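Chemist: The whole structure should be built from the sequences, with the hints applied where relevant.
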Amino acid sequence: MKNQKINATLVNPFIKSAVDVFKQLFSTELTKKDLTLKKDPTASYEVAIIIGISGAHHTGVVVFSMKKYTALKLVGVLDSDITEKNSEHFSDAIGELGNIISGNALSEFAKNKIEMNLTTPTVIIGDAFEMHLLEQTTLSAMMTSIFGDIEINVAIKEF
Amino acid sequence: MPKVLIVDDAKLMRTIIKNSLKDLNEFTFLEAENGNDAIDVYKVTKPDLVTMDITMDFKNGVEAATEIKGLDPDANIIMVTAMGQEKMLKECIALGVKDFIVKPFDKERIVAAVKNALNL
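These protein sequences, in sequence, are chains A and B.
When we follow my numbering, the leftmost residue of the first sequence carries the number 1, and every step to the right adds one.
When we follow my numbering, the leftmost residue of the second sequence carries the number 1, and every step to the right adds one.
Calculated directly from the structure, the hints in this document are not laboratory data.
None of the values given here were measured: they were computed from a predicted structure.
Fair warning: there could be bad hints in the mix.
Straight-line distance between alpha carbons at most 25 Å, and here's what the computed DSS-like set of lysine-lysine pairs gives [stated by the list, open to error]:
| no. | chain 1 | residue 1 | chain 2 | residue 2 |
| --- | --- | --- | --- | --- |
| 1 | B | Lys-90 | A | Lys-111 |
| 2 | A | Lys-67 | B | Lys-11 |
| 3 | A | Lys-23 | B | Lys-46 |
| 4 | B | Lys-87 | A | Lys-157 |
| 5 | B | Lys-115 | B | Lys-46 |
| 6 | B | Lys-87 | B | Lys-69 |
| 7 | A | Lys-85 | B | Lys-11 |
| 8 | B | Lys-69 | A | Lys-23 |
| 9 | B | Lys-11 | A | Lys-68 |
| 10 | B | Lys-87 | B | Lys-46 |
| 11 | A | Lys-113 | B | Lys-115 |
| 12 | A | Lys-113 | B | Lys-90 |
| 13 | B | Lys-18 | A | Lys-73 |
Quick partial rundown of chain A residues pointing at chain B, CB under 7 Å, derived from the structure [as the list claims (entries may be wrong)]:
| no. | residue |
| --- | --- |
| 14 | Val-21 |
| 15 | Gln-24 |
| 16 | Leu-25 |
| 17 | Asp-79 |
| 18 | Asn-99 |
| 19 | Gly-103 |
| 20 | Ala-110 |
| 21 | Thr-120 |
Each residue gets a CB set at the ideal place from its N, CA and C atoms; glycine is no exception.
Modeler: Structure below.
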């Protein structure tokens, strides 16, 4: 595995933020099932939200992924008019969820004087897509909720 | 009827903000998806209030708010963003924005901010 260096504390703000956002937006618990090391941040499920991270001493990507069923349930809570058929609004809404979780995570980093910025989310939906992201040691948190599992892959490099 | 320009690249957030405000007053809602469009719409419509996201393509919300304040120092702007870092908050306060709301927000939070900004 290339680029083995990764700071385990870099994943915690994303987990905390996801838990907090689920509580506030969906009034439900999101709990951590598992934390593993992967060779890259490639998504495990068919809906992937990819957000770039950059800062004075950090660069990388965060990839959230979930089953389409889970994504539809989540965005349906936020706006009942969103369905799979209006796919543009669906991807826009699920991307915004990734943006909110990541933005709140960056606020957690900032409390420790680590300033980082986000790119706008890129959303990929489909059960046949093949994703190739740069090989970068990734901390992968598998989270679970009543809506289904959410995978959070954090591949942030310090330099 | 006050005009409110909602600037956010996510339609979902524009809808949530509109729905949050619909019981407060009668508003004319205008929308923009990025900072460039926000400036163009502002120049033409001179809205009473702008709600401004920060992370957007083409021109971000801080850049757009800075340009709008340059055009109209009295512009009423509320930042509504997922990025709640202290540094960014200070930057926006220095710019003279009326409020800084961190997503996700409760309906009551944005209603209070809009009431305050428009003296409703």
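Chemist: To test your reading of the hints: which numbers does this structure violate?
Modeler: Going through the list in order, the structure violates hints 3, 8, 10 and 11 and respects the others.
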